[in-house]
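Peer 1: These protein sequence lines are chains A and B, in that order. Numbered as in this note's numbering, the first sequence ends at 277 without a single skipped number. Numbered as in this note's numbering, the second sequence ends at 1176 without a single skipped number.
Check the hints yourself; a few may be wrong.
What the hints assert, rightly or not - Within a straight-line C-alpha distance of at most 30 angstroms, the following computed DSS-like cross-link-like pairs (lysine-lysine) qualify:
no., chain 1, residue 1, chain 2, residue 2
1, B, Lys-1135, A, Lys-102
2, A, Lys-38, B, Lys-1002
3, A, Lys-45, B, Lys-1017
4, A, Lys-174, B, Lys-1167
5, A, Lys-61, B, Lys-1106
6, B, Lys-1106, A, Lys-45
7, A, Lys-45, B, Lys-1135
8, B, Lys-1037, A, Lys-120
None of these hints come from the bench; they were simulated from the model.
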Amino acid sequence: MRKISTKKIQDKVSALCVQANLVLRKDVFGTLRSAYAKETNKRAKDILGAIIANARIARKKSLAICQDTGLPCVFVEIGSEVKINGDLKAAINKGVVLGYRKAYLRNSIVSDPLLRSRPKYSPAVIHIDVVKGNKLKLTVLPKGFGCENKTQLKMFKPTAGIAEIKKFILEVIKSAGPDACPPYVVGVGIGGTADYACFLAKKALLRNLVHVSRFIVHRLEKDLLKDINKLNIGPMGLGGKTTVLAVNIETYPTHIAGLPVAVNISCHALRSATIVI
Amino acid sequence: MKKIRTPLDRRQITKLKAGERVLLSGIIYTARDQAHKRLVEAIAKNKKTPIDLRGQIIYYCVPTKTPRGKAIGSCGPTTSARMDEFTPVLLKAGLKGMIGKGTRAKEVIAAIKKYKLVYFLTYAGCGALLSQYIKKAKPIAYKDLGPEAIYKLEVKDFPLLVAIDSKGNNLYAVRK
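Please model the entire structure based on the sequences and the hints provided.
Peer 2: Following this line, the structure appears as structure tokens:
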């Protein structure tokens, strides 16, 4: 067994929180730049230019990319040969608090969803998975809530076709309209159970925006990207051909009686950071 | 680009047209969900609001913590629509303008037209960039709300886009 201390995990989570919130992901930044180059709508281009300038300033001046530093979502993959001495979840939450404090990020978490008390930095939403090997993979995704609020799940009949799924995803984007800070990255989870499809949709946002999926999924991603960008929502919902930067789809086996599809939208400030220990 | 200064007078506001870009200097106040709820409750009970709303501009924003040596942290706009149910009361109380992101309810648009006011957009998700135009920031009311307290901001050449003008022209409607 390989031992990893909770102190180490805490420190790494802290650093990931800072990195994710201050330094825009390379793939997201690159995709924004190519969208800027291709955009022909004058106002859309101006807004994309501001978004790119914002990422540069955030990095250079150690400022949060967005004031909504999100609800920290932490994804943990533990190798089955790893032994952690101590309380893993406590270490993650402590790391979140330390990182958020260090980088002057925002305390946006209310301890009780109904009583709405004074906001704190934690707890994070933590997803833990056990995988093969002796490594530990940590990912922090600070999820802004303007876009999280636009999440939708639909339980399709097993006989539903690709066209119906596409239509649903387009409707989700249309109903988000200008409110969730387009251009969006669209995470889609297909299969599993209702809850698992939602998890996959969120996890899809972690995948590099420049990637090639397996054939049927890749085609669906490409088609959706093209169709959504014809909606003329554009940056800030003021028109243009850049409504989404990418569509990432994750799939999982499902039941013969169903076909769950979940859509989790990210604003243009899609932030995450990963480390393998 | 046109430059404007707070406090905005009626003549200045009626000249602004939907789609026009302007740079704003002067004083603005932040307020979002919980602060709106309290302001509206205070007005309903005929109590004095902690800021005199007459002639002012509210920016729908809750900044991050202020990093050492900086005037303010990241401070972009939040979704205006969440404030829609409270806005008409504040507009009636004398608020002159709002800065946010996204569309507004028809009641808000009607009130903007009725009282001849203005709704601005600013760059959404660009809090680091926008912090560069804020010279001073100070929480002045509802401090118990933490980040949702009302902040008084001194801004210089803050970039805005007129989304709904005093005639009720709406950029989100006309662009189609």
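Peer 1: Checked against the structure, which of the hints given earlier come out wrong?
Peer 2: 5
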